[in-house]
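Undergrad: Sequence:
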Amino acid sequence: MLAIFLKEFNSFFSSAIGFVVAGLFLLATGVLVWVLPGSFNIFDQGYSNLTPFFEVLPWIFCVLIPAICMRSFSEEKKQGTLELLLTKPISINQLIVGKFLGSFSLSVIALLPTLFYIISISELSAEGVRVDYGVIFSSYVGVLLLMSCFTSIGTFASCLTDNSLIAFVIGTSLSVLLYFGSVGVSSIPLWDSQLYTLDYFSLSHHFRSISRGILDSRNLIYFISISLFFLVLTHLQLKSNLK
Numbered sequence: 006m007l008a009i010f011l012k013e014f015n016s017f018f019s020s021a022i023g024f025v026v027a028g029l030f031l032l033a034t035g036v037l038v039w040v041l042p043g044s045f046n047i048f049d050q051g052y053s054n055l056t057p058f059f060e061v062l063p064w065i066f067c068v069l070i071p072a073i074c075m076r077s078f079s080e081e082k083k084q085g086t087l088e089l090l091l092t093k094p095i096s097i098n099q100l101i102v103g104k105f106l107g108s109f110s111l112s113v114i115a116l117l118p119t120l121f122y123i124i125s126i127s128e129l130s131a132e133g134v135r136v137d138y139g140v141i142f143s144s145y146v147g148v149l150l151l152m153s154c155f156t157s158i159g160t161f162a163s164c165l166t167d168n169s170l171i172a173f174v175i176g177t178s179l180s181v182l183l184y185f186g187s188v189g190v191s192s193i194p195l196w197d198s199q200l201y202t203l204d205y206f207s208l209s210h211h212f213r214s215i216s217r218g219i220l221d222s223r224n225l226i227y228f229i230s231i232s233l234f235f236l237v238l239t240h241l242q243l244k245s246n247l248k
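In this note's numbering, the protein residues as written are 6 to 248.
Source of the hints: derived by calculation from the structure; they are not laboratory data. Honestly, I wouldn't trust all of these hints.
[To be verified] Cut-off 16 Å, straight-line C-alpha distance, at most; resulting in silico cross-link-like pairs (EDC-like, lysine to aspartate or glutamate):
1. K12 with E60
2. K93 with E81
3. K244 with E88
4. K12 with E81
5. K244 with E81
6. K82 with D167
7. K83 with D167
[To be verified] Quick list of simulated restraints, FRET-style, between CB atoms:
8. N15 with L220: 29 to 35 Å
9. G139 with H210: 18 to 24 Å
10. P94 with V181: 36 to 42 Å
11. I95 with H210: 33 to 39 Å
12. V36 with I124: 17 to 23 Å
These figures come from a predicted structure and were not determined experimentally. Glycine included, each C-beta is placed from N, C-alpha and C at the ideal position.
Put together the whole structure using the sequences plus the hints.
TA: Printed below as a string of structure tokens:
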């Protein structure tokens, strides 16, 4: 599994993909959060919190993470090396986890420089205004869990086809549907209880809850379950390829 992880991780930086992804991510967040006026701009929303930053992240990750994952298995299928990997003395689970961790690690590396945003708002906050570091910590935990879900979705999408672009479209579509699906459903005239049930199963509901500083075990279980669900689907799909 370690060999698969290192191969996947190194492939991002040997071809400069990793640097491009990290650069585009930091450029997008920097412009939206610090430059462009609007609901995501920290200067417009108040200096003492990173709420606008955490609100814009899901939009970016819905596109960025499927782009990172799109070649994980599709490229192996295209080059005819997937069958070779599956015949090596490694299990399907080790192959999946290695690919998953490689893509997830790149996303985490891209996120790390944003920790400097915490220093920025601390310096910009007015005297006597307290920065809620507990909420910021909780929000970062939520971001990591959300990234895990999007990575597992992108990994699953990649094993469905030998075309990286199609894998990207499938991964992005599933990510958007699972995160923002409840927003579209909210316009449908349903009973409040039904609407709440639909919203409860969306990624956005649980991410918003954690972003408020609530590290509820139900939210943690939900994110872990979604990640495992799509990794299991990936396992089943790859297993069917062996038949």
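Undergrad: Take the hints in turn and mark each one as holding or not.
TA: Evaluated hints:
no. : hint                       : verdict
1   : K12 with E60               : violated (33 Å)
2   : K93 with E81               : holds (14 Å)
3   : K244 with E88              : holds (11 Å)
4   : K12 with E81               : holds (12 Å)
5   : K244 with E81              : holds (15 Å)
6   : K82 with D167              : holds (5 Å)
7   : K83 with D167              : holds (5 Å)
8   : N15 with L220: 29 to 35 Å  : holds (34 Å)
9   : G139 with H210: 18 to 24 Å : holds (21 Å)
10  : P94 with V181: 36 to 42 Å  : holds (38 Å)
11  : I95 with H210: 33 to 39 Å  : holds (37 Å)
12  : V36 with I124: 17 to 23 Å  : holds (19 Å)
In summary, the structure is inconsistent with hint 1 from the numbered list given earlier, while agreeing with all the others.
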